[in-house]
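Line by line, the protein sequences give chains A and B.
Residue numbers are given in my numbering: position 217 of the first sequence equals residue 217, and the series is strictly consecutive.
Residue numbers are given in my numbering: position 64 of the second sequence equals residue 64, and the series is strictly consecutive.
Derived by calculation from the structure, the hints in this document are not laboratory data.
Among the chain B residues that face chain A by a calculated CB cut under 8 Å, a handful are:
| no. | residue |
| --- | --- |
| 1 | 13 |
| 2 | 17 |
| 3 | 20 |
| 4 | 23 |
| 5 | 28 |
| 6 | 33 |
| 7 | 34 |
| 8 | 36 |
| 9 | 39 |
| 10 | 55 |
| 11 | 59 |
| 12 | 67 |
| 13 | 74 |
| 14 | 75 |
| 15 | 77 |
Source: prediction; values computed, not measured.
Quick reminder that beta carbons are idealized off the backbone N, C-alpha and C, glycines included.
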Amino acid sequence: MKVIQMIPTLALGDAVGNDTFALKKVLMDLGYETSIHTHVLDSRLPDSCCEIIIGNQMPEVDEDDVVIYHMSTESRLNFDLETMNCRKIMIYHNITPVEFMKDCSYTIQKHSIAGYAGLKNLVGKIDYCLADSEFNKQDLIKYGYTCPIDVRPILIPLDDYKKKPDSKTIKTYGSDGFTNILFVGRIAPNKKHEDIIAAFAYYNKNVNSKSRLILAGSNSGFENYDAKLKKYAETLGVMDNVIFTGHISFKEILAFYSIASVFLCMSEHEGFCVPLAEAMFFKVPIIAYDACAIPYTLDGSGALIDSKNPVEVALLIDRIVKDEELRNKIIEGQNRRLEDFQYEKVKELFAGYLKDFINKGKA
Amino acid sequence: MSDIDNKLQSINIEDVMSEIRNDIKEKYSDSDLTTFDDVLGDSDFSFLSYAYSDISLQRSVEYVVSHREVQVNYPITGNPIKVFYKKLCRRLMAFYVNHLFAIQNDINYHMANSVFQLYGYKNKLNSKGDFLKRLESIEQENDYLKTRISELEAKLNK
Numbered sequence: 001m002k003v004i005q006m007i008p009t010l011a012l013g014d015a016v017g018n019d020t021f022a023l024k025k026v027l028m029d030l031g032y033e034t035s036i037h038t039h040v041l042d043s044r045l046p047d048s049c050c051e052i053i054i055g056n057q058m059p060e061v062d063e064d065d066v067v068i069y070h071m072s073t074e075s076r077l078n079f080d081l082e083t084m085n086c087r088k089i090m091i092y093h094n095i096t097p098v099e100f101m102k103d104c105s106y107t108i109q110k111h112s113i114a115g116y117a118g119l120k121n122l123v124g125k126i127d128y129c130l131a132d133s134e135f136n137k138q139d140l141i142k143y144g145y146t147c148p149i150d151v152r153p154i155l156i157p158l159d160d161y162k163k164k165p166d167s168k169t170i171k172t173y174g175s176d177g178f179t180n181i182l183f184v185g186r187i188a189p190n191k192k193h194e195d196i197i198a199a200f201a202y203y204n205k206n207v208n209s210k211s212r213l214i215l216a217g218s219n220s221g222f223e224n225y226d227a228k229l230k231k232y233a234e235t236l237g238v239m240d241n242v243i244f245t246g247h248i249s250f251k252e253i254l255a256f257y258s259i260a261s262v263f264l265c266m267s268e269h270e271g272f273c274v275p276l277a278e279a280m281f282f283k284v285p286i287i288a289y290d291a292c293a294i295p296y297t298l299d300g301s302g303a304l305i306d307s308k309n310p311v312e313v314a315l316l317i318d319r320i321v322k323d324e325e326l327r328n329k330i331i332e333g334q335n336r337r338l339e340d341f342q343y344e345k346v347k348e349l350f351a352g353y354l355k356d357f358i359n360k361g362k363a
Numbered sequence: 001m002s003d004i005d006n007k008l009q010s011i012n013i014e015d016v017m018s019e020i021r022n023d024i025k026e027k028y029s030d031s032d033l034t035t036f037d038d039v040l041g042d043s044d045f046s047f048l049s050y051a052y053s054d055i056s057l058q059r060s061v062e063y064v065v066s067h068r069e070v071q072v073n074y075p076i077t078g079n080p081i082k083v084f085y086k087k088l089c090r091r092l093m094a095f096y097v098n099h100l101f102a103i104q105n106d107i108n109y110h111m112a113n114s115v116f117q118l119y120g121y122k123n124k125l126n127s128k129g130d131f132l133k134r135l136e137s138i139e140q141e142n143d144y145l146k147t148r149i150s151e152l153e154a155k156l157n158k
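Chain A on its own, in the form it takes in the complex:
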């Protein structure tokens, strides 16, 4: 019996791609014959890391084999998967709803609409689901999934974060006495960078002029939104203190985490939000807006707020930066939560669910 993984696009540095690679290692450790199959492989990854699916030529499987399908976007796999005569598990990473893409190109909107059409198509054709968060589980139930669904946090290779951060970045932004406010995530409308900029603008102008906002993430596919954000920062008069990093190396990301005073997340749609776990790892206190999967990922840690009022957020940043006791309390809570994302713990959880599914015929 083999357990194979299928993913529409296997990309370098992408949370879903990282999860896929980490699961491959887990499956190998568990002694299963396993492989990764994808339609699109990031050109920066070696060809040998997976097998390419051409058109509708799905991998050959036996009835007792298990396919683990990573669902996060539009793909023909959402329709071709049903032709595979084997047991199917879907790992649901969530799809960004089209409401957040109203100012984006038709192609971007189509990814979302067609993604949800694919999700609906798979109702009744999947034997078992794993959701990254309780929020994702509720999403599946909302779309009519009646198969068993369990929640398993995304596998984050936390050991990778122990690598040496980029020293040039640390020297440039970490040694001038500025307070660095950080958000990590691709530039996309669902992440509400504008709310981060608004709060930062108030903080920078009225509370602490020696402060900097670092927005780390690629703008690929959302160039217009990115341009509008830059214009917004200019309009508010803080563009000189807002760093749009664009696509950066992993070492640079590590450097930004290591010099951050606060991690500020105003996102309104996340399936899990890996950067929150990353901020926990680097002991950066988190301020996050209470929406989507964020309260589940934080699970009581960090500073979860229900307001986007820029003044309130700015003053909370100030309080956390200045009040050591509060900051330490937040970090303590985050440390506790981070335990739940440790590789061995998530690996055990996944292995348990998988064995249960295979042995008991969970369907």
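Mind docking chain B on chain A? Use the hints.
For chain B alone, coordinates are given in the frame of chain A:
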């Protein structure tokens, strides 16, 4: 969620927020920041003035090439009534829209081809540049060796 609520109480973020709200009333002016919606959309193409990046160019070229064809018959979604209505509209408008799609696809093909050709030409220039650099270094080495031979010959003749 009750667990989450319990843990939140230990951090007392709500208390901190209440204090902050009181502070705002007493010390700080409320925000009169321009909202994001007040910012006009991009009309001056400032986003095109980014510094040159190989990765960005490669991604854009890949995107243009793979998305050049606009599909007339994209999947229609919604409830059965909506799907029927949308399909009906599409069929009624086909005589007008399909022609425009064909023209647009023709333009897209040539645009994508131009971009792809330029990208290929740029890569060719890159490799030509590498070749010229190597040639230059070999010529320099050759000059040095010639000089060295002359020096040694002069020493030998003495």
